[in-house]
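Chain B: place on chain A using the hints.
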Amino acid sequence: MHLNARRELTADPWFVTGAALALLVVLLMTAAPWLAVHDPHDMNFQPLSPPSSEHWLGVNDGGMDIFSELLLGIRNTVAFGLITGITALAIGVFIGLVCAWFGGATDNVLMRFSDVLLAVPSVMVLILTAAFFRPTPFALGLLLAAMAWPTTAKAIRAQALVIKQSLHVQAARQMGASGLYIIGRHMMPELFPLYLIGFAAKARMAMFMEASLSFLGLFDPSRKSLGMMINYALKYYYLDIWWNWIIPPIVCLTLLIMTVTFLAVSLEKVFDPRLKMT
Amino acid sequence: MKRHMKSTGRTQYILAYLLAALVMMYVSYSLPRWLPGDFVTAMYASSHVTLNAEQERDLRAYYTERPGFGRYLAGFFTLNWGYSYAFLTPISDLILGALPWTLLLMGGAHLLSMVFGFVAGVEAAWRRGGVIEKAGVGSMTILEGIPEIGTGIILLLLFALHLGWLPASGGETAYAAYSMGPWLLDLAAHLVLPLTTLFLAYFPGNFLLTRGSMVMVLKEQFLETARAKGLPPLRIRYAHAARNALLPMVTRFGLRIAFMVTGALVVETIYAYPGLGTLLFNAIAMRDLPLIQGIVLFSSLAVLFVNLGLEFIYGRIDPRVKHAS
Chain A
1 MHLNARRELT ADPWFVTGAA LALLVVLLMT AAPWLAVHDP HDMNFQPLSP
51 PSSEHWLGVN DGGMDIFSEL LLGIRNTVAF GLITGITALA IGVFIGLVCA
101 WFGGATDNVL MRFSDVLLAV PSVMVLILTA AFFRPTPFAL GLLLAAMAWP
151 TTAKAIRAQA LVIKQSLHVQ AARQMGASGL YIIGRHMMPE LFPLYLIGFA
201 AKARMAMFME ASLSFLGLFD PSRKSLGMMI NYALKYYYLD IWWNWIIPPI
251 VCLTLLIMTV TFLAVSLEKV FDPRLKMT
Chain B
1 MKRHMKSTGR TQYILAYLLA ALVMMYVSYS LPRWLPGDFV TAMYASSHVT
51 LNAEQERDLR AYYTERPGFG RYLAGFFTLN WGYSYAFLTP ISDLILGALP
101 WTLLLMGGAH LLSMVFGFVA GVEAAWRRGG VIEKAGVGSM TILEGIPEIG
151 TGIILLLLFA LHLGWLPASG GETAYAAYSM GPWLLDLAAH LVLPLTTLFL
201 AYFPGNFLLT RGSMVMVLKE QFLETARAKG LPPLRIRYAH AARNALLPMV
251 TRFGLRIAFM VTGALVVETI YAYPGLGTLL FNAIAMRDLP LIQGIVLFSS
301 LAVLFVNLGL EFIYGRIDPR VKHAS
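Chains A and B, in that order, are what the protein sequence lines are.
Oh and the first sequence: position 57 is 57 in this note's numbering, straight run, nothing missing.
Oh and the second sequence: position 81 is 81 in this note's numbering, straight run, nothing missing.
Be careful, since some hints might not be right.
To be verified - Using 27 angstroms as the maximum straight-line C-alpha spacing, the simulated DSS-like pairs for lysine-lysine come out as follows: (1) K164/A <-> K154/A; (2) K269/A <-> K154/A; (3) K269/A <-> K164/A; (4) K269/A <-> K219/B; (5) K134/B <-> K269/A; (6) K229/B <-> K219/B.
Said to hold, decoys possible - Beyond 10 angstroms from chain B on every Cβ pair, some chain A residues (computed): (7) E54; (8) P121; (9) H168.
Simulated from the structure, these hints should not be mistaken for laboratory data.
In this text, a Cβ means the ideal position worked out from N, Cα and C, and glycines have one as well.
Next up, chain B with everything else stripped away, as it sits in the complex:
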């Protein structure tokens, strides 16, 4: 019974994600059309962008035409996302140009914080009650209370502006025309500070959660069996116990999306990292609405896509789900 419920639960989640994606696209399609009055004049009156008559006409046409939701969807999938009047570039070019930077930064931060957080959490739970474990839990709880704005700006002030060890902004040195090796070093130097900030934001949660679930797993009887069989401790710890502590971390990833996306936005903005977050910040500052809309829709769908991927991974690493289907 329980197994059965679990497997239908998973497929329902997948349906929920697809439905959520459709809802996001519909909201994005219809939002500008719900606005009362002459929306284009009202918005661009307070903007840094000045439109000439032709651009204004185009923009008004873009927002008042009602192509129908089906057309809109088709346009979305053919990368026809509209035109940015602040950057004078198609929105798809802007977003796809910023995407690799965001993937590098966020992917790196998540990968590192998950791997290190997981190992540290498992080891801490194994040494439960010891001084190191208590100090680890204490310091991680404190770190969990420091928002990304705080760590980001303090690291920026200290290492980039005061000590001058690392670059303060950007993703690479502009117009440097490096060869391969120095270019990679340059990339890494620009990546260190934002990556560290995000790592410090994600690590404590992964650590505390893994430790918590690992402590529970360690009380299970099958570990007594493993120990009685005389298996080496490292094997018990990782192959038998830690595997079961992995599941909550995957679940938590989906639940913390709201936090993580917000944090990444802020961190990219602080370091002017050329990813989607900085692009969105600039779009907000210039009130470039088509661009804001494009980034919001694109990143929402990306988040849903990641969540969907996690559902499949979850099925893989939880044998109960696999056997149930």
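Just chain A, same shape as in the assembly:
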């Protein structure tokens, strides 16, 4: 299945585009120290100067190099997405497997708890926490992950139940394999496609949230982020800065969201067991 999937994925234009974009983002982030020649926090340039060979995208109202800000902003948004995506995935996989393996009361309690979490609008909890406690972005990412795992857990649980009933797992059981061995050796590898789907969906949601919350001004104002850049730039819309100050962070944010969207769409298409059957 995995070999076939690889061929299917590389033949899917969405996957190829998404992967190419992801590669571009990784390259941009690794090359950032060389590309961004100015310190993005350095405020010693002529404010609101237009793009030049020294400042590729000009200088903002605070006298900071926009291009350097942009690169750091991309990095912060991606970092937030990765932290949230990985944490939410880890919690979701763990709880999904526990539910599928033990069943019964454990399963029931955990699934009802995840229903409660699903019903809570997580952005509101984030706003409240950010406004009252001023946590670090890292802590906010973890908090978002702590609220975002239920969908992943439910998908993992459903598929793990199917695998648990499959012949080779029953055979392994019959030969006296321990629960941990079966979960580690059989179930976790076979669930691999679901990890990718879950991670892509969560990372997308997290990056979208980060951009929106920083646009609303809920993060530390000195932290560079795409949302905050857009918010600041919009205050100067009457100057002729739209093409070098407003549009670049929008384009970067859109490219980031598109990257994960394309990957998620393609992974779902190739791996979704429900679509496979028909």
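The following block gives chain B in isolation, referenced to the frame of chain A:
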């Protein structure tokens, strides 16, 4: 067996929502009380709001008194939500004043995107493999990758600021004192851009999901039967097939709340639309904590309420749930 499980599943969801509502209210009640130190001074030191001695005392009393959760709940249901020191207005007035705008904008966007997304999705699935269908799926997947911040600001720059066709901010022209007809036109002119932004954000998801589930439904055998009976295609498409493709859209609504609320917040802020999102943005900018708390709690409960309503609708449109109970 399966039917039985489904019906208990629904009631459990309803219980889950009620529990979630209680949890949200408890968090909102206890959050300020968990903060260490002199919270009022710490918060308002960096705020745009300057308090006089009396206001500061009131606020401190509001946050340090421990009325008990029961009292707090009773206060909430009697619209006693506290006082905003930035707007110098009771919070209930602010929230209830902003609510109609948000309902108009979000309700309109959801209604339009659901109806059009559904019809377009059904038609696309019916024409599976055609050029139009492929182009539709492709462009919608791309549109799904553009966040509301992007579409919102580009539409604002283009149509409001560059071309000047539509107003850039607000929900109506202030102090215009229009009569009924021009007033409605004025409302519509202010609504167009934010509504379009949200529509563009919600439409692709509804379209892609409906198309996906419709493609699966179209493989079912009962459609062969319908066709064999000689029913007209339009009737097969909508009365027989599309009805079954409606369910995932309702389910998805609940799952996408996090995205949708965030998006609506941002869009209202971009266009300074006078709804709850802009109110929340201003409250955050001024660090007006009682107001932030009030809006967060109110909108969370509204979301839960919508979800609860959807559960009932779900039971209505899925006959399996109805017959099981």
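So, going through the hints one by one against the coordinates:
1. For the proposed pair K164/A and K154/A, the alpha carbon gap of about 15 angstroms is at most 27 angstroms, so the pair holds.
2. Distance hint between K269/A and K154/A is fulfilled; the C-alpha atoms sit about 18 angstroms from each other, no more than 27 angstroms.
3. Restraint check for K269/A and K164/A: the C-alpha separation of about 24 angstroms stays at or below 27 angstroms, so the hint holds.
4. A hinted pair counts as satisfied when its Cα atoms are at most 27 angstroms apart, and K269/A with K219/B qualifies at roughly 17 angstroms.
5. Proximity of K134/B to K269/A is assessed by CA-CA distance (about 15 angstroms); at most 27 angstroms being required, the pair is judged to hold.
6. Taking the CA atoms of K229/B and K219/B, the gap is near 17 angstroms; set against the 27 angstroms cutoff, the hint holds.
7. E54/A, annotated as away from the interface, keeps every beta carbon of chain B farther than 10 angstroms; the closest lies near 27 angstroms.
8. Annotated as non-interface, P121/A brings its C-beta within 10 angstroms of a C-beta of chain B; the closest such distance is 5 angstroms.
9. With 10 angstroms as the threshold on Cβ separation, the claim that H168/A sits away from chain B holds: the shortest Cβ distance comes to roughly 26 angstroms.
Violated hints amount to a single one, hint 8; each of the other numbered hints is respected by the structure.
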